[in-house]
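Visitor: Hey, can you work out the whole structure from these sequences and the hints?
Using the working numbering, the first residue of the sequence shown is number 7, and each one after it goes up by one.
Since the hints were derived computationally from the structure, they do not count as laboratory data.
Using N, Cα and C, we set each Cβ at its ideal position, and we do this for glycine too.
Do not take every clue at face value.
[Claimed, not checked] Calculated lysine-lysine pairs in the BS3-like style (CA-CA distance at most 30 Å, straight line):
no.	residue 1	residue 2
1	K58	K148
2	K148	K135
3	K148	K132
4	K132	K58
5	K135	K58
[Said to hold, decoys possible] What follows is a list of derived Cβ distance ranges for each label pair:
no.	residue 1	residue 2	range
6	D127	N18	32 to 40 Å
7	D122	A49	23 to 31 Å
8	A126	W90	48 to 56 Å
9	L104	K148	54 to 62 Å
10	D122	S93	38 to 46 Å
11	K135	W114	31 to 39 Å
12	S93	Q146	55 to 63 Å
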Amino acid sequence: AGLAEGISQMLNTSLSSIMGIVNGFGNDVNNYKSEAQTLINDAQNVDVNRSKYGIAAFIVPIIILILIIIAIIVRNRWVYKCSWCCSMYMSLFTVLILGPISLIVVFWADFCVNLDEFEADPLNSKIGKLVTSNGVEAAQLKQGFDITEACWDGVSLVDIFNLSSFLDFDQYKN
Numbered sequence: 007a008g009l010a011e012g013i014s015q016m017l018n019t020s021l022s023s024i025m026g027i028v029n030g031f032g033n034d035v036n037n038y039k040s041e042a043q044t045l046i047n048d049a050q051n052v053d054v055n056r057s058k059y060g061i062a063a064f065i066v067p068i069i070i071l072i073l074i075i076i077a078i079i080v081r082n083r084w085v086y087k088c089s090w091c092c093s094m095y096m097s098l099f100t101v102l103i104l105g106p107i108s109l110i111v112v113f114w115a116d117f118c119v120n121l122d123e124f125e126a127d128p129l130n131s132k133i134g135k136l137v138t139s140n141g142v143e144a145a146q147l148k149q150g151f152d153i154t155e156a157c158w159d160g161v162s163l164v165d166i167f168n169l170s171s172f173l174d175f176d177q178y179k180n
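Guide: In structure tokens form, the structure reads like this:
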């Protein structure tokens, strides 16, 4: 009876820690789901506004082109100055917009490469080393990665943690 109680207590301890991880993961997934829904709604709003205001991105260069054509035909200095000023202001606006965007694109590309490395080798990748250097043990990282992969692949968590011999849910399935 003592051995059975010890095994039962060990299983209860293991299951409670696994359930804590699973519940935390479920909460994270729900938070990500609500954030993703917010982002989708925002993207749909941007798409609606793009059709309203997107034409301005084409009208401004056309106006400058028309001013240059008028300057060539009229051959007057004020038209050249007007088209030059418009072109410089548009260039300044473009540089101010594209400067930060280029930094974001480079960061995002590097992040995607690191995520690909993390997926291939979670423990030896840069992200894995960063996470494990901040106090997370490699076993915890692998366990979290296994849970995530099981959810994506539709595999039972009982099978992932080799608990199928202790927890047989097949008898309850219809």
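Visitor: Does each hint fit the structure? Answer for all of them.
Guide: Structure-based check of all given hints:
1. K58 with K148: It is violated: about 48 Å lies between the C-alpha atoms, which goes past 30 Å.
2. K148 with K135: OK: K148 and K135 at ~12 Å, within 30 Å.
3. K148 with K132: holds, 14 Å
4. K132 with K58: violated, 43 Å
5. K135 with K58: violated, 47 Å
6. D127 with N18: 32 to 40 Å: Given about 34 Å between the Cβ atoms, the range holds.
7. D122 with A49: 23 to 31 Å: Cβ of D122 to Cβ of A49: about 24 Å, so the range 23 to 31 Å holds.
8. A126 with W90: 48 to 56 Å: holds, 53 Å
9. L104 with K148: 54 to 62 Å: violated, 41 Å
10. D122 with S93: 38 to 46 Å: Holds, at about 42 Å.
11. K135 with W114: 31 to 39 Å: violated, 21 Å
12. S93 with Q146: 55 to 63 Å: Holds, since S93 and Q146 (Cβ atoms, about 57 Å apart) stay within the stated range.
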